[in-house]
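S.K.: Here is what each chain is made of, one letter per residue.
2 protein chains.
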Amino acid sequence: MRVLPALARRAFSATAASRAKGPINKDHHVLEYSADVFPLGYGVAGTHCGVKKKAGVLDLGILASTSERPTAAAACLTRNVFKAAPVTVTTELLAQGNGRARGFVVNSGCANAVTGKKGLADAWAMSNALTSGLPESAAKGAGSFVMSTGVIGQHLPIDKITGAIPGLIADLHSTPKAWLDLAKAFMTTDTFPKLRARSFELAGRTVRLAGIDKGAGMIAPNMGPPQPPHATLLGVLATDAAVSPAALQAALTYAVDRSFNSISVDGDMSTNDTILALANGAASPDLAEITEASPEFPVFREQLADFAAELAQLVVRDGEGATKFVTVRVRNAPDFNVANTVARSVANSNLVKCAMYGEDANWGRILCATGYADVPAGAIDPFRVSVTFIPSATCADQSPLRLLTKGEPEADIDEARASVILAEEDLEIDIDLGNGEAEAQFWTCDFSHEYVTINGDYRS
Amino acid sequence: MRVLPALARRAFSATAASRAKGPINKDHHVLEYSADVFPLGYGVAGTHCGVKKKAGVLDLGILASTSERPTAAAACLTRNVFKAAPVTVTTELLAQGNGRARGFVVNSGCANAVTGKKGLADAWAMSNALTSGLPESAAKGAGSFVMSTGVIGQHLPIDKITGAIPGLIADLHSTPKAWLDLAKAFMTTDTFPKLRARSFELAGRTVRLAGIDKGAGMIAPNMGPPQPPHATLLGVLATDAAVSPAALQAALTYAVDRSFNSISVDGDMSTNDTILALANGAASPDLAEITEASPEFPVFREQLADFAAELAQLVVRDGEGATKFVTVRVRNAPDFNVANTVARSVANSNLVKCAMYGEDANWGRILCATGYADVPAGAIDPFRVSVTFIPSATCADQSPLRLLTKGEPEADIDEARASVILAEEDLEIDIDLGNGEAEAQFWTCDFSHEYVTINGDYRS
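So the sequences go chain by chain: V and G.
The numbering used here puts the first sequence at residues 1 to 460.
The numbering used here puts the second sequence at residues 461 to 920.
This is chain V alone, in the form it adopts within the complex (with noise of 0.2 Å):
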């Protein structure tokens, strides 16, 4: 008996009902939401600065905390040997701080990369701006993160950055519309704002947790802790749960590699992807920070892991053409690298994703590219290999579609199901390795005309 991961079962359930084929239907992936989901002390805002050309468009927001201890702060950054501005002064920040920070600076519309000695000035000037304009904090060091996203090669209209700076300190609220605007700043091609909320219980206290991400194209992050440092995909976890600096590294690591590093729209990863976690104790001003050795921290980074799937998959609903959401589920694997590794090949395949597109049920292509995935000599077993298809919760008829059995394809397939089960936005592809116990996800979206139309042109 197959039971669906909770993961998986929320993206499914996500999908209302049964659809007509063409893009993704987005407007069920805003969700309201009252003031008192939103973490405590934090104060945020965005607006247009001119960044963007397009008036009233929002392309610039920072967050604060405005809690009286120290924030925690980690970050998983892009692996791209060419680190944009942004990635660099955030790197060193976290350093010079020793783990803890004010808040960051976001704009949209230019992605500050490959911008030379000016690019990284004008990313110190962003950071700058943001903290001089704060008060003063009993944080040595702690100074305030950048993240830019948009074009490379091209230089900030700085001016215009800093000029706004100031206005927006003076206008930090945490109202559902100040992180409404927040989650605009972010976007470059997103067709709708990222922004989730949710809360738990910690150490017998309510916590509270906020979370904004963007990302559309150039989705396949490989991101790690700040050593070695080296994303377009841009977020922030942000908490008021009282949380170690290490504590808090250690959980947005494991968080990212099962949520950012799991999801891929077109396989080329950014020179500017960042995720940035705080934890700012305002919950429980009373209780000491959590370490990686207390009680608390599975609790802590499995609601982060899980909290940060939810806004990854956001993305993926999002990608750049996409009219299909595909879960890839590698199952009884050696370990998670390989599990990992067959389920990134299969999201990654240009073959896989156009089929998707096509709702064609060409099992020949996820078998291709799970033997061509880059695992050590060994680890796959042709024969031990099974391919199903799970249906959509929104299917009428729940049971899987098997395809392949330990290495040789069902005799009859039924080519009708298999066209029911594809036409539906979503769908799971399960392989089942046949040789361990791992299992690792991977969420990807289809290859459509629209996808080629966006990226032929992006620039113009």
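Fair warning: there could be bad hints in the mix.
Restricting the straight-line Cα-Cα distance to at most 27 Å, the calculated cross-link-like pairs of lysine-lysine (DSS-like) are [said to hold, decoys possible]:
no.: 1; chain 1: G; residue 1: Lys866; chain 2: V; residue 2: Lys118
no.: 2; chain 1: V; residue 1: Lys160; chain 2: V; residue 2: Lys52
no.: 3; chain 1: V; residue 1: Lys117; chain 2: V; residue 2: Lys52
no.: 4; chain 1: V; residue 1: Lys53; chain 2: V; residue 2: Lys160
no.: 5; chain 1: G; residue 1: Lys578; chain 2: V; residue 2: Lys406
no.: 6; chain 1: V; residue 1: Lys54; chain 2: V; residue 2: Lys140
no.: 7; chain 1: G; residue 1: Lys620; chain 2: G; residue 2: Lys577
no.: 8; chain 1: V; residue 1: Lys117; chain 2: G; residue 2: Lys866
no.: 9; chain 1: G; residue 1: Lys512; chain 2: G; residue 2: Lys578
no.: 10; chain 1: V; residue 1: Lys406; chain 2: G; residue 2: Lys577
If you only want the chain V side, here are some residues facing chain G, beta carbon under 8 Å, derived [to be verified]:
no.: 11; residue: Val151
no.: 12; residue: Gly358
no.: 13; residue: Ile380
no.: 14; residue: Pro409
no.: 15; residue: Phe447
no.: 16; residue: Val452
no.: 17; residue: Gly456
Think of the hints as simulated: they come from the structure by calculation, not from any bench.
Computed from a prediction, not measured in an experiment: that's the story for all the values here.
Positions of the beta carbon are idealized from the N, C-alpha and C atoms, including for glycine.
Please arrange chain G on chain V, whose structure you already have, making use of the hints.
M.R.: Chain G alone, transformed into the frame defined by chain V:
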């Protein structure tokens, strides 16, 4: 000063004149040959036997050596874990025959991949039908290789194939028509047959080389010698030079790394990729076989590599939906592997390929793909990398267009000039890593709407 390498120069000159935007013009890629350019001592034939539904479309071909001395054989085969049955059979035959073979049989329309035990029996039946129909051979254990290409997971109509082989054996010729028929029998989504022939001097004699290949999609080969045995790029290089099996394998491995393993259409490595080499010595019956120690060996190896590159480039010209032919050249790298890995990363980037389709000088994507290439830490120094567009030979202005110099973007890139360069069918992207002396080239095509259309519903 920049000097175009010989291969790139030939590729450029293939484009006769300036062009309107649209699919690659393929008419001038089918060349006419006279009978005397084909290697001596081979008979070839092709027919329609019924693997493909459409009457008259060639789907079965054979090549047999008619030389009296044993024919040396070598192969580079897919490294995909899911090896198709014909790959398994070819691997075993190469071992059994101690590097000797009689010829090969090829079919298109069905890949005989992931077809279990029956598939393996079918592949052996194809091989045996050819071998048993040929006269007795002096080379003990020498058999007939097998190649299949087409849909994965379906069984061959084996009786139609084995039933047609005796007729093909009775029809073996070395006429231009017979060679072209054999080339046509390789075709699947290919839009033109890929046949080349040339002659050169070796040890004072004229030797001849004929080559056929096929491929238009699922093209990102990574083939090695049979150990470890692990390609739907199919090809054969047949010569009448006398070369020992070991020397032939060494020369083929070298040639494939610099040709078929250095092309990409969509980044998907097939279960069937196979390149065969045969050397029957018919041009010089009185000479001993060349070994790796022979002074002639480097001459033969370079001729084979150059010829293989010509054939490999034809696959890219015929890339599914391709409108552009792009040469990615990485220079001044620490070693060949780094150069090759960077070139492969750029050539496989969907975002780079979409930008080429859109004729958009988005060099940031080139740099981005350079930065995420899977090379050892420190192999790329971002502050030493330069990127340049090299215009096609058809451009009036032949001067290179520098985009990035030692990590700093050029101040004023002439976008009008970039548009003119990008409007041509051919383009070379030159990436100078600035930290070594090694070089590699990779050939790729752009990513078009037509690619998505072709692959959205391949099986119907």
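S.K.: Does the interface hint hold: is Pro409(V) within less than 8 Å of chain G, judged Cβ to Cβ?
M.R.: holds (5 Å)
S.K.: Holds or violated: Lys54(V) and Lys140(V), Cα atoms, limit 27 Å.
M.R.: violated (39 Å)
S.K.: Identify whether the interface hint at Ile380(V) stands, where standing means a beta carbon of chain G within less than 8 Å of its own.
M.R.: holds (5 Å)
S.K.: Verify the interface restraint on Gly456(V): the C-beta must sit less than 8 Å from at least one C-beta of chain G.
M.R.: holds (3 Å)
S.K.: Just to be careful: measuring from the Cβ of Val452(V) to every Cβ in chain G, is the smallest value less than 8 Å?
M.R.: holds (5 Å)
S.K.: Would you check the hint for Lys160(V) and Lys52(V), treating anything up to 27 Å between C-alpha atoms as holding?
M.R.: holds (11 Å)
S.K.: Tell me if the straight-line CA distance from Lys866(G) to Lys118(V) falls inside 27 Å.
M.R.: holds (15 Å)
S.K.: For the pair we were handed, Lys578(G) and Lys406(V), check the Cα-Cα distance against 27 Å.
M.R.: holds (15 Å)
S.K.: Regarding the pair Lys117(V) and Lys866(G), is the alpha-carbon distance no greater than 27 Å?
M.R.: Holds, at roughly 12 Å.
S.K.: Is the Cα-Cα distance between Lys53(V) and Lys160(V) 27 Å or less?
M.R.: Status holds; Cα separation ~12 Å.
S.K.: Given the hint that Lys512(G) pairs with Lys578(G), does the C-alpha gap stay at or below 27 Å?
M.R.: holds (20 Å)
S.K.: Is the hinted pair Lys117(V) and Lys52(V) satisfied, with a Cα-Cα distance of at most 27 Å?
M.R.: holds (22 Å)
Checked against the numbered hints listed earlier, the structure breaks hint 6 alone; every other hint is satisfied.
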